[in-house]
Structures are given as C-alpha cells and as structure tokens.
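Modelling step: build the complete structure from the supplied sequences, incorporating the hints.
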Amino acid sequence: MNSLYAVSPLDGRYAGRTEPLREYASEAALMRARVRVEVEYLVALADLDTTPLEIGERHREYLRTLYEEFDESDAELIKQIETEGYGEYDATNHDVKAVEYFVRERIADPKLAHAIPWIHFALTSEDVNNLAYRLLVKGGVENVLLPKLERLRTELAELAREYRDVPMLARTHGQPATPTTFGKEMAVFASRLGRAIGRVKDARDGLQGKLAGASGTYAAHVAAYPDVDWPEFADSFVADLGLERAPLTTQVNPCDDLAELFDALRGANNVLLDLDRDAWRYVSDRYLGQDAAKGETGSSTMPHKVNPIDFENSEGNLSKANSDLVFLGDYVTESRLQRDLSDSTVKRNIGAAFAYCLLGYVKLQAGLGKVVPNEQVMRDELDATPEIIGEAVQTILRREGHDDAYERVKDLTRGQRVTLDDFRDLFEDLDVDDETREELLALTPAGYTGVASEMVDELGAE
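Counting in numbering that gives the first Met the number 0, the sequence shown runs from 0 upward without gaps.
These aren't lab readings, by the way, just hints derived from the structure by calculation.
Where a beta carbon is used, it is the ideal one built from N, C-alpha and C, also for glycine.
Any given hint could be a false lead.
Claimed, not checked - What follows is a set of in silico ranges between Cβ atoms, one per label pair, in the way DEER data are often shown:
#1 Glu75 / Asp228: 22 to 28 Å
#2 Gly459 / Gly55: 53 to 59 Å
#3 Glu18 / Gly173: 38 to 44 Å
#4 Glu18 / Asp379: 41 to 47 Å
#5 Arg347 / Glu53: 36 to 42 Å
#6 Arg150 / Asp402: 33 to 39 Å
#7 Glu453 / Ser7: 25 to 31 Å
Now the structure itself:
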C-alpha cells in the first residue's frame, strides 16, 4: 500500500522511523510469537516423562524453524486459515486456533504426525497470547526503546560535561533567579532519565507469564495427568521463555506487570517532555542556536525562521504516547469475572504506544543534535540582570549579624531595574569590615553559580 493512503501516520508519514518496531508490534510478529509458544510448549511436553510424546533432536530443530524462519508466506497462511480456511481446515475466525492449525499443517511429516494431538494440549488461547505478547513487549523495550533512551542519556551527560562551566541565568516562576550553568541543568535531566531507565529495566525484568488453563486452575492438565506437578512445569516453561510465572490468575494474566512497564515508560517520557519544553524555551531565548539545514523551510511566509520543530514534534509524540500508555495500563488490568475479550483489541495498540515513544525519542535526539549553546547570549543576559546577586548579598549580611539584611536588599531590588553600581553604593553605606565589603564588591552574576559545575560529576556516581 502506498504510505500516502495509510490511516495512521505511524504507517504513513512516519513509517520509516517506526520500522524498527515491526519485528515486535506487527500482526505478523504476534503470529510468530504465538508459533514460538506453541512449538516450545510441544517440546516441553515431550520432555515430561509422563507423556508418551517423543520428539528427536532433528525434529526439534525443524519445529523451531517454524518461528525462527517465519516469513511473510507463513503469516499469510495463518491469516488465510483464520479468514477463509485452508485444505481440511474451515475458516476458524479465531486467530490463535489458526496458529494451531498452521503448526499442524507444517508438521504433517509422517515422523512428526504423532505429535499433532499434543499441539495446544490443555491450553486456552490466553495461555498462548499472554506469553506471546510479553515476548514481543520485552523485545521491543529491550531492543528498540531502551537503546534510544540510553543514547539520549549519554548525549545529555556529554552536554553536561562539555558545558559544565557555562553560566546561565536560571528562572524560577519564569522570573530571573540565582544563576546556574547550562551543563548542570543538562546533568539534572541526565540524572532523572538514568533513574527512569532503571525503572523501565526493572519493569521489563518483572514481566510475568501465565500458563494455567481455562480458569487458571490447570484443570485440563490435571484431568489428563494428575500426577504431574503442573505449576512446577509452568515455572520451568515460562522461565525458559525469559519470563517469571504469574502464580495466581484467572483465565487471563492480570497484566499488572504490563501496567507497571507502561507507567515506567511514561515516567521516562515525562522527563523528556520536561526537557523538550525547556529546550524550546532556551531556543526562544536564544540560549540555544540551531543549525539551519540547507533547503529547509522554517516558515512559509517568514524566510528568516529556524523553528525548533524537532522538540515540538517530540513533545507532541511523547504526549500522545503517554495518553495511550495511561489508557493501556488502566484497561488491561481489568477483566470481568474470569475472562472477557475486550482487552484483546486493546492490546493490539501496545505497538502504537511504543511507536509514539520511539518517534518522541528520535525527534528529541535530532533536536539535541542541531543545537549549540550560545554562551555570549547567556553571559549578556546575566550581566543585564545584576539584581540576582541580591540573594548572595543578604545571605552574607545575615552571616555578619544584620537582622535587616533581607529587607534592605528587597527595598533596593524588588520590582526595580538596578545596576552593579547601585549595589556598590549600598555596600559603601553598610556597617561591615573591609574584608566583608571586598567580598561583596567581588560578587558578579556570572560568578554566582555555587558548585554547579562540580555537581556534574554526580553523574559519574550513578
């Protein structure tokens, strides 16, 4: 299909940027993951001493090619079985049953035909689905989203270290405030993002899979083989897939683990949204200059403009991602009684939420790659705002025992334009020793940054 006619921008305008998630978010990817679960479950049954099922090493290798070499023709066959029927199979109108029949079709070899009754043995569709989704979610987070987040953190740390000593006017409540350094402010974002990445990793590692039958009781398993410790079998099987077993479930995995992951991603996105908005303001204040790409248009009517479009695009996509992640986290954790199917269609949108995350990360990285701190503009604004040393003045005077220090500086500066000469006049009138007067006279906006530059080294301790 021509991408110009795609319903969603994820598969249209942004298809090239969301392509890395196709391996984890497409319907074909879900089919492949379901095939993997069915095949590995079949092999695990063969490993039980209790069952008469035997599968030799050569046939195990073949079975695993069903998902390891899964391709477009395989996906199309599963879809045909589901919607039209194929060979001896009528249309299932059931996506998981279609996968079962696909595996049956692929092992028609006489030496494997004996395994056909054991495909999907005692399982409910949700046993396959919940495991398949978690394999995809874990892979998408691990191989696509986390590398982008970690790269962003690295770039922020590099900015922090490179510009650790560049003084910059801070703003609290949008008003001029005690100076900082550009590097220290980037270090704040790098530190926050590092902690957020840690939460995402914890949630990824805590994903839980369910394999317990139609009502979460192993009833069919026990009916067939009452002497097998099926919860122990499930422990081993789910662990082999790289997940933890969810011990108590209904037919559905309760999905609290997915909700925790979605919330952790939202936390990382919130850090980056904060950065997007600050970067946009820094561009507006000319603290950040932007590289102008040759041939690029900033405005259809104002030729001079170089707009901060990457930060704006990132903000929009991360906001959309967070909206979707909140919805998903709320929805998938609820199910009427032991099972209803409303979550089935909702879970198909996990990939879209991840895709909006990815777009946000990619565009923010592009934005950071185009900006350069304008040190002179920052210094000029500091020089033009001498009132910000008022905090230092009144604090030093408090140290010297002046109980009216705050009020004297407030009378001089609040709501008024002042100069360093105004402060010097104040210092001449103060009842302080010469050493203290010299200390006050040495104060400058650019020099009033505390240990901001040294604080960048805190990144090394994380």
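Okay, the hints, checked on the actual structure:
Remark: the range hint 22 to 28 Å for Glu75 to Asp228 is contradicted by a beta-carbon distance near 40 Å. Checked against the hint of 53 to 59 Å, the C-beta distance between Gly459 and Gly55 comes to roughly 54 Å, which is consistent with it. The hinted range of 38 to 44 Å is satisfied by Glu18 and Gly173, whose Cβ atoms lie roughly 40 Å apart. For Glu18 and Asp379, the Cβ-Cβ distance of about 44 Å falls inside the hinted range of 41 to 47 Å, so the restraint holds.
Restraint check, Arg347 to Glu53: a C-beta distance of roughly 37 Å satisfies the suggested window 36 to 42 Å. The beta-carbon spacing between Arg150 and Asp402, approximately 53 Å, falls outside the hinted interval of 33 to 39 Å. The supplied range of 25 to 31 Å is broken by Glu453 and Ser7, whose beta-carbon atoms lie about 48 Å from each other.
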